[in-house]
Structure formats: C-alpha cells, structure tokens
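Protein chains: 2
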Amino acid sequence: MNESELPHVVLLGGGFAGLYAARALKPARARVTLVDRRNHHLFQPLLYQVATAGLSAIDIAQPIRKILRKQPNVEVLLAEAKDIDVAGRRVILDRGEPLVYDYLLVATGATHSYFGNDQWSRYAPGLKTIEDALEIRRRVLLAFERAETATSDEERQAYLTFVVIGAGPTGAELAGALSEIARHTLVRDFRHFNPSEARILLLEGADRVLPPYPPELSAKAQQQLEKLGVEVRTGSKVTQIDGDGVQVGDERIAAHTVVWAAGVAASPLGRCLGAELDRAGRVLVRPDLSLPDHPEVFVVGDLISLKIDGKPVPGVAPAAIQEGEHAAHNILRALDGKPSTPFEYQDKGSMATLGRRSAVAVLGKLKLSGYLAWLSWLLVHIFFLIGFRNRFVVLFEWTRAYLTYQRSARLILQESPGDPDSDSGSGDEKAKGGEGDSSKA
Amino acid sequence: MNESELPHVVLLGGGFAGLYAARALKPARARVTLVDRRNHHLFQPLLYQVATAGLSAIDIAQPIRKILRKQPNVEVLLAEAKDIDVAGRRVILDRGEPLVYDYLLVATGATHSYFGNDQWSRYAPGLKTIEDALEIRRRVLLAFERAETATSDEERQAYLTFVVIGAGPTGAELAGALSEIARHTLVRDFRHFNPSEARILLLEGADRVLPPYPPELSAKAQQQLEKLGVEVRTGSKVTQIDGDGVQVGDERIAAHTVVWAAGVAASPLGRCLGAELDRAGRVLVRPDLSLPDHPEVFVVGDLISLKIDGKPVPGVAPAAIQEGEHAAHNILRALDGKPSTPFEYQDKGSMATLGRRSAVAVLGKLKLSGYLAWLSWLLVHIFFLIGFRNRFVVLFEWTRAYLTYQRSARLILQESPGDPDSDSGSGDEKAKGGEGDSSKA
Chain A
287 MNESELPHVV LLGGGFAGLY AARALKPARA RVTLVDRRNH HLFQPLLYQV ATAGLSAIDI
347 AQPIRKILRK QPNVEVLLAE AKDIDVAGRR VILDRGEPLV YDYLLVATGA THSYFGNDQW
407 SRYAPGLKTI EDALEIRRRV LLAFERAETA TSDEERQAYL TFVVIGAGPT GAELAGALSE
467 IARHTLVRDF RHFNPSEARI LLLEGADRVL PPYPPELSAK AQQQLEKLGV EVRTGSKVTQ
527 IDGDGVQVGD ERIAAHTVVW AAGVAASPLG RCLGAELDRA GRVLVRPDLS LPDHPEVFVV
587 GDLISLKIDG KPVPGVAPAA IQEGEHAAHN ILRALDGKPS TPFEYQDKGS MATLGRRSAV
647 AVLGKLKLSG YLAWLSWLLV HIFFLIGFRN RFVVLFEWTR AYLTYQRSAR LILQESPGDP
707 DSDSGSGDEK AKGGEGDSSK A
Chain B
287 MNESELPHVV LLGGGFAGLY AARALKPARA RVTLVDRRNH HLFQPLLYQV ATAGLSAIDI
347 AQPIRKILRK QPNVEVLLAE AKDIDVAGRR VILDRGEPLV YDYLLVATGA THSYFGNDQW
407 SRYAPGLKTI EDALEIRRRV LLAFERAETA TSDEERQAYL TFVVIGAGPT GAELAGALSE
467 IARHTLVRDF RHFNPSEARI LLLEGADRVL PPYPPELSAK AQQQLEKLGV EVRTGSKVTQ
527 IDGDGVQVGD ERIAAHTVVW AAGVAASPLG RCLGAELDRA GRVLVRPDLS LPDHPEVFVV
587 GDLISLKIDG KPVPGVAPAA IQEGEHAAHN ILRALDGKPS TPFEYQDKGS MATLGRRSAV
647 AVLGKLKLSG YLAWLSWLLV HIFFLIGFRN RFVVLFEWTR AYLTYQRSAR LILQESPGDP
707 DSDSGSGDEK AKGGEGDSSK A
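For the protein sequence lines, the chains are A and B, in the order given. Going by the numbering used here, the first residue of the first sequence is number 287, and it counts up by one from there. Going by the numbering used here, the first residue of the second sequence is number 287, and it counts up by one from there.
None of these hints come from the bench; they were simulated from the model. Cβ atoms here follow ideal geometry from the backbone N, Cα and C, with glycine treated the same way. Do not rely on the hints blindly, as some may be mistaken.
As a list, the in silico SDA-like pairs of lysine to any residue whose alpha-carbon atoms are at most 25 Å apart [to be verified]:
| # | chain 1 | residue 1 | chain 2 | residue 2 |
| --- | --- | --- | --- | --- |
| 1 | B | LYS356 | A | GLU431 |
| 2 | A | LYS312 | B | GLY382 |
| 3 | B | LYS356 | A | THR690 |
| 4 | A | LYS368 | B | ALA429 |
| 5 | A | LYS356 | B | LEU689 |
| 6 | A | LYS356 | A | ARG315 |
| 7 | B | LYS356 | A | THR685 |
| 8 | B | LYS368 | B | HIS580 |
| 9 | B | LYS368 | A | GLU431 |
| 10 | A | LYS356 | B | GLU431 |
| 11 | B | LYS597 | B | ARG565 |
| 12 | B | LYS513 | B | GLU483 |
| 13 | B | LYS368 | A | LEU649 |
| 14 | A | LYS356 | B | SER407 |
| 15 | B | LYS312 | A | GLU431 |
| 16 | A | LYS356 | B | TYR688 |
| 17 | A | LYS312 | B | ARG474 |
| 18 | A | LYS593 | A | GLY560 |
| 19 | A | LYS312 | B | GLU431 |
| 20 | A | LYS312 | A | PRO625 |
| 21 | B | LYS356 | A | ASP475 |
| 22 | B | LYS368 | A | GLU434 |
| 23 | B | LYS368 | A | PRO625 |
| 24 | A | LYS523 | A | ARG425 |
| 25 | A | LYS513 | A | GLN526 |
| 26 | A | LYS356 | A | ARG425 |
| 27 | A | LYS312 | A | PRO293 |
| 28 | A | LYS312 | B | GLU434 |
| 29 | B | LYS356 | A | ARG686 |
Pairwise CB distance ranges (calculated) [to be verified]:
| # | chain 1 | residue 1 | chain 2 | residue 2 | range |
| --- | --- | --- | --- | --- | --- |
| 30 | B | GLU512 | A | GLU630 | 56 to 62 Å |
| 31 | B | ASP530 | A | GLU441 | 19 to 25 Å |
| 32 | A | PRO313 | B | PHE678 | 36 to 42 Å |
| 33 | B | LEU570 | A | GLY529 | 45 to 51 Å |
| 34 | B | ASP595 | A | GLY529 | 54 to 60 Å |
Chain A stretches covered by chain B per the calculated footprint, using a threshold of three residues with CB under 8 Å from any CB of chain B [stated by the list, open to error]:
| # | segment |
| --- | --- |
| 35 | 349-355 |
| 36 | 662-669 |
| 37 | 679-689 |
Between the sequences and the hints, there should be enough to build the whole structure, so can you do that?
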C-alpha cells in the first residue's frame, strides 16, 4: 500500500522515552514522526558535568536525526508541540500544519518548579537544558573572576559562596563538583585569594540528602559530601532568593551564585490530554500506559504518575526507557490488531556520584557507597552514552580529570551569542590571511 | 624590593601576541597584568571549524589564567579596556580602578568591517569570536531543518543556499566546509530533500580567491573549491544584504544563510593612542614596535601597520607571535636600562585548508597545493594548538571525520542561553532522582 496510506505514529519528545520508543518502532509498518523542539537528544544524567565545566555540551548530546538516520520509517521534526486535540487526533505545532495521528506517544517530560516563586528563576537557574548548564557554568566561573577583583572581603566572600538548593541527585552532584572545582581545579589560578576558601552550601528541605534513596545511603552520601568540603544543611527551607543571596528561616546567606535543584512539575502538555493529573501535574495513565478513554494515546516518562502494586515508578532514566519501549510495543500490537499489555517495571536501581571516588548506588538488594559505587557509576554511564565518539571522549576527559584535576570546559561565553561589540580587548587572535579575511578576534 | 614597588607591565589582549608576550616576560622583575574581556585564549585559525560543527568551542579555547598559572609574575584580569591615557600612563577599564603602567603592550587586534553597512551584521554575521561561530553553526544547521519542513521549492532552495562573502582564508575554508556538510555529513539525515542539492556560493570582490596568496595558488584553490562543489564568483561586489538574500550587481540571490568574511578594521583602542593610523585604523609603529614619542608603549598584532624594507608584515598568527615576543624582549631590555631593538619578521609562510585533502600552502619558496598542503596544514595546526587535551581530541575528531564524514558538534542552541521557557517538547530526558530532583528536561 501507498506510503501515505500507512498509519501515522507521532512521538512528542526526543528524550530517553521518545527516542527508545522510536527505535522500538523500527519494525512498524507505519509512518513515525518524532517531534522535538531541540535538534538533539540530551544524556541528561551528565548535564551537571557540563554545568561544572567537566564536559562539553556536545559530549552528552547527539542530533536526534543522526541517531535515527538509518531508520527509514522515522521522520524527525524540529518543532514545538503547543497543543493536543485528542478528540480530533491532531497535534498543534508552533509552525506548519497540525500533525494528524493514528497513534500518539507523549513524552515531553518535566521541568523544575519554583513552587509559585517563578521570580526566583532569574537568580537561581535550574538545570534542565544545555543552555541552563552553560548559564550555570558561566555564573560559577565568573564568580571566581569577580572574587579576584573584589575590593572588600565581604564582596569576595559573597562571590565565593555557592548555594545549591535541593539535595536530590542533581543538587548533590552539583555541590560535590563545585567543591572539587574550588579545592582542586582552580587552586593555582588566582593571585588575590585561595579558591579553596569558597563555601559550597547544599540546602535541603527534607530531613536528609538524596530523599529517594534508602536512609543509610543518605547518611553515607552526606558524610562523603562533607568530606569533599560541602556544607550540608537538611531541614532548611529557603524563603527568599534575590541577586545578593538567599534567606533560610531567619538566616541571611550572602551569595552571588545560587542554583535551583528542587522541585519538579510535569510538562504543560499534560494538561491538554483531558486526563486526571496528580499534584505535580503528572498524567494518571492506565496500566498499559495509555490514556483513559483514548487507547490510541500513550503517555510515558516524567509526564506520568504510575503506581504498580501500590509502588510508584520512579522518575529515572531506566524507567523512561522501559516505558517508551513498552508503549511502542503496545503500538506495534495495536497495528497488528492485538490488545495491549500492562507495563511492568524492572528496577535496575539508581546511583548518584558526588565527587572523586564518592558515590552511592542501589542495585537491587545491593547498596553501595564510596569507591565501588563510584566505579559502577562510571561504567554504567559510559555504557549508556550514545555514540562511540562521546564514549571515547568522555572516558578520556574523565581519566584526564582524575589524573590532573583539570576541567576542559572552563569557558565563559557571553549570555547572548553574536554579541555585536564583542571585539575590543579580546586579543589579536590572528587569522591566516590579509585584507580579504574577517577572521579576527 | 617590595612586590608593589616592581615596575608594572600591562598587556591588553590575550590573543596570540598578548599571550606569547606574557610568556616571554617570564624572567621580568616586574608585575605583569594581562587584560582580556574574555577568560579564554582562542586558537582563531580553527574557529571556522566550530562554525561548521567540526569542532567544539572548548577544543580551540583555553582559559588564559590556566595557560599562565605557573608564571607567578603574571596576573590575569577579566575586564575590558575602554580607553588609554598615554600621557597619564593609565588604562581605563569597564570596571574597577584604572591600571597605572610603566610599560604597556596593546594587542587588542582587529574585527571585521562592513564598510559602513553595519546594518548587514544582523543578516550576515562575521566570524571573530566563539559566540559568532556558535551563531553561524546555529544558522547553518537550522537552515537544513527549515528546508525539511519547507512548503514550496522556492522556500526550500532559499534555505539551501549558503552565501559566503569574502574569499580570504576564512571565507574559503568556511565555503569548503559547508559544501562537505551538505554533500557528506547530512546526506542521509533528511526525508524530504537531498542535502547535496544545497548551493554554496563564495563571493569575492577581488579578481581571485585568497588575494594574499600567489596567483597560481589562488587558481589552484579555486579549482579545488569548485571540485568540492562550491560556486566561486570573483569580481562580484555585494551591494545589499537583507533577511531574504543578497544583491550582487543586478542579480538577486535568495538565501537565508549569509556569512560575512570580508574586510577588517583595527580595534577601536588604536584610536586612543594619539598616533598616526592607516586607512583600516591600524597604528603606524616604529621599527621597534613602540609608539612614536612613547617608547614605553608597544603596539603589536593586527592592530598595527608595519612595513619592513617596504614589505608589509601580513596579518597572520606567526607574525603576531613574533611581534608579541619581540615587544616583550624590548620591555625586558628597557627594564635593564638597555635600548630597544628593531623587529625583524621571519616569514614562516601561510596555509589555508579547503576540505578533505584540499589546501594551499606557501612555505618560503615552496608552493604546495592539494594533499601535501593539506597534510602539512594538519600537522602545523595540531602542533600549535595549546594543551595536550586539545591536541589529542582535535586529532581524534579529525581522524574520525576523515573516516566517517561525521561532525560531532551538530548542536542547535537557543540564541540566548537560559531561555526561561525552553522545556515543552524537549523530551523527558530523565534524571536519576525523584521529587528532590530538578534535573528534568
């Protein structure tokens, strides 16, 4: 039958769930369209390393169309889904015609939430996109530069105080990496202060770090963080954030660099589906990951709230991958006129790294911390990285960083690329030519 | 004697000239301050590879303070020089107190010039900073994405037409790389068109490409560019540039991606020195590279116009390095109460690469083109790259690109990092944690 007569499967989101769903649809006799507003799939678990100058953006990102280039039934569309008309089976995009679908997979994930204090986002950026990571990197490196030219001790101390709000995996990993930058990477680079004077504060509202982890690992993680020089404060709620610092209860902490790693809200697209949502705006799906009353619509990943035998499926990459693949498997069955099957989650465990030789890991019944957990973290993340180039370069960077304490990506870029007057003082980085040549700094 | 009583040497610009001057001042019994508005030294000759997704920004950039960390008499200052008071021996910065100097080296280079048509810069960015390179990369990759969703052949052709204005080394290298992206890198990635349909036009006002090179090499270069699929047009002056294309004489070329690689103007700081300037705003210095009437002020690099035995010293990296080192040598002599010596330029030749196995090179009397020139280009550039990590990774990227035609840095980033609403549709790139974790896409 004619190409255009094939059933149309639309996937929204090129994260773990969407990407693995697209791959699982390889045998489908269908036209598959994957829509993402970014051209790249991001290996999000390593994003904090871009924010802390350990890795470059391209080390953890790959063009989605490159990953799927050899799958002829998939078309990749760079566009943003603005609305979903489940009754009319159409996805409204930011540009071009609406996409009419026979089957839809929504995997647009979640973003962080400021719990109604969105004005904080200016002063305390979150870490969800590569742009976020580059902005955090810019602020962190710039803070040390400003400390070098500070005219008073108070000013310098404010520049050397880094506050990470939220001690989930991302917050804990960020805090550990920031401490390593201050104590090792930059230690000989400045003339007017010792970078190891920097204070890294990790603030957590709950009574322990890494709340999703078993209490004994939370304790181990806090010990390791403190050994790395991080000031861990549990049970401390931030009540105010501005350009000069944060307010915690009745204590004022002067700090120019604050990172937000607390709270998560589902992607707004969840609200278009007409299904029941939980407190965090996540969609309550049926056991087969489809939408109640809409068996042709599947929702997966951080966008859903799903309990199996009363146990919630956690918001981790392996769950997203399994959900994406299972939804794809149900779409394949539907294409063959077969009924869908319920999703079963296989807990592969979870791990968080905190610094050199410091990590915690839950692998089934096994609870690891320290060196062994750190090694398994390295191996797992290298293994799951997409693309030979990235595995190779990341392994090289990590080996080098381990041996030299150096971080490659210590680049402060202007907030807005293409800044028209970004030449004077930027040095005579010479080109190879004469008059005909514009390539001058 | 006391640290603060040592003579103060101020270097403006951390490009090739400023950086090599700082290194040459290692033995100086003086306080040396290097000022740059960027935190990084840029290996400018490879910037076009960042603009064409072959290399990542960090592969060709290094933090200046990291390069100079082991030189205790040097202090690196991240600031922008706004004005120079040669009479008062002070440099006015964008922030903080003016810098009072005993000796000054001005090496703030040049930027490209739109010959009085600055409004063109919006439509035809130049290539001088990393931000420029990332912006050009963004436009090039986005043009192919837009071509995929184009609704008419005219629209698609406009997105697939790339115009490079100026056939100096940078322009020629950009055009060659763009052609390779279209014909090889992207060839299987799109479903609605064949990327090799893309047109790459290289426009040059002069009567041949690579005007600074010997005519026979210009001819060889043009042959190689045309073999790579570039449409070379010499003697064609651009009279208008807007969002839809360019006007050349009475021909209108519809194109959404235009790059400016023509024309250069010296850094505005040159005007603060009260010395005679040439047409391009470059400072006329004395044979010892100092300022007439100001033996304590040296000016080097793209900022100067210098003739030796009637032959102008070209605007190439080796000249910048030699000038920087010679000015430093004269400062060392002055510190010892010795007279300065005139600068002598050693022509190491120049080379430009055009694509795989395509390049031209002038090495002394030797004129090379094709494979041999390309090989020597590779070796020279790997050798002069600063830092083991960058040499290693760049060599790896080049080998890989040569074998697979792939380019690693195919990342489209938002124009302004930290874009507040950059979540929906960006996929559920999952993190490793639960509620406490913001690291969601």
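Violations among the numbered hints: Hints 2, 13, 14, 23, 25, 26, 31 and 36 are the ones this structure does not satisfy, whereas the remaining hints hold.
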